Amino acid sequence: MSKLELRGITKYYETGNGRLLALNNISLTVKDGEFVCIVGPSGCGKTTLLNIIAGLEKPQEGEVLLDGRQVNDTSPDRLMVFQEGALFPWLTVLQNVEFGLRTAGVEKGKRQEITRRYLEMMHLSKFENSYVHQLSTGMKQRVAIARGLAMDPQVLLMDEPFAALDAQTRDMLHAELQNIHSRTRKTIVFVTHNVRESACLADRVLALTYRPARIKKEFPINFPRPRQIEDHFVVDTAKMIFAEIKDEVQRAVSEQNVR
Amino acid sequence: MSGKSRTNEIPDAVLFLAVLLGIWELVYRFAIYPTYLFPSPAMVASSLFASINNGLLQIGILTSLTRLAIGYILSIVFGAAIGLAMVKSAYLGRTLRPFGVGIQSFPSIAWVSPAILWFGFNDYAMIFVTVMGALFSITLGTYDGIRNTSPTYINAARNMGARGARLFFFVMLPAASPKIVSELRHGWSFAWRSLIGAEMIMATLGLGHLLMYGRELNDLSLVFAVMIAIFAVGQVFDRLLFEKLQNKISQRWGLSTEPIGL
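Line by line, the protein sequences are chains S and R. FYI, my numbering numbers position 219 of the first sequence as 219, with every residue one higher than the one before it. Basically my numbering = 1-based index in the second sequence + 1000.
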């Protein structure tokens, strides 16, 4: 039943003034098809946690299990949508989306069929021959999501994918992402510092503490979808979550000022 | 956008050359300097046509370009190999990079002396000097280009399953391409300069040799004609090959869409 499991993940960095503990004994389970949001103050180690799930960073302790099997290296079964998209500027939109399929050796006809299907889903069909710099920030993130979905991953990992967007574009992408989730039933782990975004999107929100990051509290969210960011239950839940992490945010702000 | 500035560029260039020729002709007409020290544009033009008619210029260009091609290709092969070795080994990168930057500002013509002693007065010596002119800018271009590749690109590609050769040829190399092409362009112009210098000293055919030949005959018209040929050959490759390539990359990446004027 559990798709993804983290057991006792601990990660520290050696710095000039000793050891910096980033993640402290984090364990969590994500069910198949579940949409989990991880919230916490900036710099708390959310991205590190996601990188560890993706296999892009290694923890000192603990293990990551996918379908009950331990995973170490990075692989398209846990596909990451990066904060700034990380699209390749030397490729067209179509070539970007089919990059992973090409790497996997999917033959051309099949590859283009899959790619075009996801481009259509993200309303990008008209732009398949555009280069990345010709797109708006919102379109770039839609390409990045299409690129992630095209690989048909077991788990889709999203690292603050909407942080750089204006509010209108973000609202639109919130709707699209919920739509995709309900259609594909993908397991999604979504990291954000935006509490309201987490309440809008997730089946379950995990609030992290600041340095070292631990899971402070879990919030199951059972409101019907599609939700909008200004829905009153979203706003109320966000208030509740924020009350829980307010101290952590303040600690983050004051410690980051001292540095 | 770029189309518009292209059409403006040609009349600009024509106007510039017309003014240049006008001033040249004027100075000649005032007879400030004796004719054998300051030939007129028409005299240089007739020298140019004469040396084309008797085949001297074509042979010179062909000889120089052959040496240049061999030297440049060797520079790319060795430059890329050293650059990649520096990427692989942090120690090599740390030590060779400052050395390479230093040797780039070193006048490569100084290599003529050891080259003559090692190889004698022959093509090998000239090719060696050419390679020493271009090698390090290609080395540094390869090294810096790959080293400065955003780790996010590499992470994203690895996450999508790319490893080894695929990661290198389909991600790291294209990501480094703007830097690499710009250093290939520099390398080419360094190679061209070094070669002409070497040919002037070692004198066995080639455009540099033709320059010295003109000097020995006290034929300044021929000297200027050869200089024009050297300039033209440089421009043809720089503008038709490297600038086009760089513009193409810049447009794709959205770095800049405006080509730089004359």
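By construction, these hints were calculated from the structure, which means they are not laboratory data. There could be a bad hint or two in this list.
Stated by the list, open to error - Only some residues are given here: those of chain S computed to face chain R with a beta carbon under 7 Å:
1. Tyr12
2. Met80
3. Thr103
4. Gly105
5. Gln154
Here the structure is a predicted model, which is why all the values come from computation and not from measurement. The beta-carbon is built from N, C-alpha and C at its ideal position, and this holds for glycine as well.
**Message:** Flag every earlier hint the structure violates by its number, smallest first.
**Reply:** 1, 4 and 5
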